[in-house]
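> Taking the hints into account, I'd like the entire structure generated from these sequences.
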Amino acid sequence: MHLALNLTPASPTRHTQLVARDDTYTLQPVDDARELLTDLLACYSTGLAHPLPFFPRSAHAYAFASGDPSLAAKRCWESSSYVNGEDANPWYQLAFRDEWDNLPNDEFVALTERLYRPIVDHLETSSS
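The numbering used here puts the sequence shown at residues 408 to 535.
Simulated from the structure, these hints should not be mistaken for lab results.
Possibly wrong hints are sitting among the right ones.
When the alpha-carbon atoms are kept at most 16 Å apart in a straight line, the in silico EDC-like pairs for lysine to aspartate or glutamate are as follows [claimed, not checked]:
id, residue 1, residue 2
1, K481, E531
2, K481, D508
3, K481, E493
4, K481, D494
5, K481, D513
Label pairs and their calculated CB-CB ranges [stated by the list, open to error]:
id, residue 1, residue 2, range
6, F471, D446, 16 to 26 Å
7, V490, D439, 33 to 43 Å
8, R428, A456, 31 to 41 Å
The C-beta atom is built at its ideal place from N, Cα and C for all residues, glycine as well.
Structure, rendered in C-alpha cells:
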C-alpha cells in the first residue's frame, strides 16, 4: 500500500504511519516506488512457480537484527526445547525437504535483503 501511495501523483502525503502498542512507525517517501513494486510482483510471480525460501519471522529477525543478522535468523528458525521455530512448520518441511539441512541459506539471505532492505531503509520509529 505504501508503494502504491508513493506512485499516486495526487496523494496528499507520501508517508505512512503505523501505530502499534509499543511505538509509532513511519515509512518515509520512496523515490523508486515503481521499481520496488515491480520487484515485489516479480518475487510473487516466481513464488507462484516454485516455493521461495522466505520465512517471515526469520527474515524479520535478520532484517532488524542489532547484532549478527545470520545468528538472529538462525535463532528464529531453529526450534528449541522451549519454543518452536519456523523449522517446525510442516509446510516448510514439505516444500524444502530436499534442501532442509542448508536452511536458512544464501538464497534466503538474498531474498530477505531484496524484500526487507527497502523497508528498513525507509522506516523510522518515534523512539529513534
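> Hint by hint, which ones does this structure get wrong, listed from lowest number up?
Hint check: 1 fails alone, others pass.
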